[in-house]
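Protein chains in written order, with numbering that gives the first Met the number 0: chain A, 0 to 158; chain B, 0 to 79.
Since the hints were derived computationally from the structure, they do not count as laboratory data.
Heads up, a few of these hints could be off.
One-sided and incomplete, this derived list gives chain B residues near chain A with beta-carbon spacing under 8 Å [what the hints assert, rightly or not]:
no.: 1; residue: Arg35
no.: 2; residue: Ala39
no.: 3; residue: Gly41
no.: 4; residue: Pro74
Think about it this way: if two alpha-carbon atoms lie no more than 25 Å apart in a straight line, the pair counts; the simulated DSS-like pairs of lysine-lysine are [unchecked claim]:
no.: 5; chain 1: B; residue 1: Lys55; chain 2: B; residue 2: Lys30
no.: 6; chain 1: A; residue 1: Lys121; chain 2: B; residue 2: Lys30
no.: 7; chain 1: B; residue 1: Lys55; chain 2: A; residue 2: Lys122
no.: 8; chain 1: A; residue 1: Lys121; chain 2: B; residue 2: Lys55
All residues carry an ideal CB built from backbone N, CA and C; glycine is no exception.
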Amino acid sequence: MTVRLQTEPFAPGELLAAFCQGRRDVGGVVSFTGLVRAEDETVQALELEAYPGFTDLEIGRIADAAVLRHGLIDVLIVHRLGRILPGEAIVFVAAAAAHRRAAFEAADQLMDYLKSRAPFWKKSHDATGARWIEPRPEDYQDAARWDDAPAPLSLEDRR
Amino acid sequence: MRVLLFGRLRDVAGWRERTLTSPPLSVTALKAALARDHLALGEALDRPGVQAAVNKAIVRDDAALTADAEVAFLPPMSGG
Chain A
0 MTVRLQTEPF
10 APGELLAAFC
20 QGRRDVGGVV
30 SFTGLVRAED
40 ETVQALELEA
50 YPGFTDLEIG
60 RIADAAVLRH
70 GLIDVLIVHR
80 LGRILPGEAI
90 VFVAAAAAHR
100 RAAFEAADQL
110 MDYLKSRAPF
120 WKKSHDATGA
130 RWIEPRPEDY
140 QDAARWDDAP
150 APLSLEDRR
Chain B
0 MRVLLFGRLR
10 DVAGWRERTL
20 TSPPLSVTAL
30 KAALARDHLA
40 LGEALDRPGV
50 QAAVNKAIVR
60 DDAALTADAE
70 VAFLPPMSGG
């Protein structure tokens with residue numbers, strides 16, 4: 000399990016290729032890449048702030064729980080910090096499992112968490128200035144789908 | 000004691016980090032001290048959803064503080 004917070008841009012394809020490299024026990028890798036939307040050219044940039052030593056640990060704790068819950072073989076989470084421009088990748092999540100369903104569900108769950116509950120503070124810059132953004136109600140609803148859910152079926156059941 | 004502000008709290012206060020030489024004994028006392036110094040920051044710290052972390056762990060406002068603590072005030076988290 001790896002969590003990386005970085006100000007530098009990243010190439011999602013390169014991350015995915017490296018993540019898939021040399022694995023003989025993995026049957027499926029699901030990856031998600033989130034890009035910054037221009038919102039009809041109103042958004043000039045997003046600015047992401049984290050609390051180093053807190054944000055990365057908190058995300059790591061959730062990623063570890065996802066590994067256990069979904070029986071993953073590995074997880075990679077890369078998140079940008081600082082100023083990010085429309086069209087640039089802001090987040091990358093990859094989940095590797097023996098079978099595809101666990102990888103799909105883990106990537107879905109981790110993104111719901113990252114979009115609504117992860118300890119970031121986000122500012123949107125437009126032509127009129129800048130404002131702090133908070134999650135939309137549907138982001139919280141998406142994340143709540145994974146609260147107190149029954150344990151997943153075993154891999155045997157899922158074939 | 001180091002005090003850190005994040006998100007909109009930093010904008011309200013106009014600073015990100017401050018070292019206090021005579022540290023208050025609890026989070027509540029620290030908030031009161033910051034409010035005396037800066038009324039708008041005091042109001043922002045009292046808004047719903049603002050959490051305090053001591054040495055990178057979320058605590059309640061009655062948590063005791065030590066002179067070497069790192070105290071962070073965290074506005075509602077936005078996700079990425």
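Going down the list of hints, with the structure as the test:
At about 25 Å, the closest approach between the beta carbon of B:Arg35 and any beta carbon in chain A exceeds 8 Å, and the interface hint on this residue is violated. The closest approach between the C-beta of B:Ala39 and any C-beta of chain A is roughly 15 Å, which is over the 8 Å cut-off, so the hint fails. Here the hint on B:Gly41 is broken, as its CB sits about 19 Å from the closest CB of chain A, past 8 Å. Taking 8 Å as the C-beta cut-off, the interface hint given for B:Pro74 holds, the closest approach to chain A being about 7 Å.
Distance restraint check for B:Lys55 and B:Lys30: the Cα-Cα separation of roughly 17 Å lies within the 25 Å cut-off, and the hinted pair is therefore satisfied. For a cut-off of 25 Å, the pair hint linking A:Lys121 to B:Lys30 stands: about 24 Å separates their Cα positions. A hinted pair counts as satisfied when its Cα atoms are at most 25 Å apart, and B:Lys55 with A:Lys122 qualifies at roughly 22 Å. A hinted pair counts as satisfied when its Cα atoms are at most 25 Å apart, and A:Lys121 with B:Lys55 qualifies at roughly 20 Å.
Against the hints set out earlier in the document, violations occur for numbers 1, 2 and 3.
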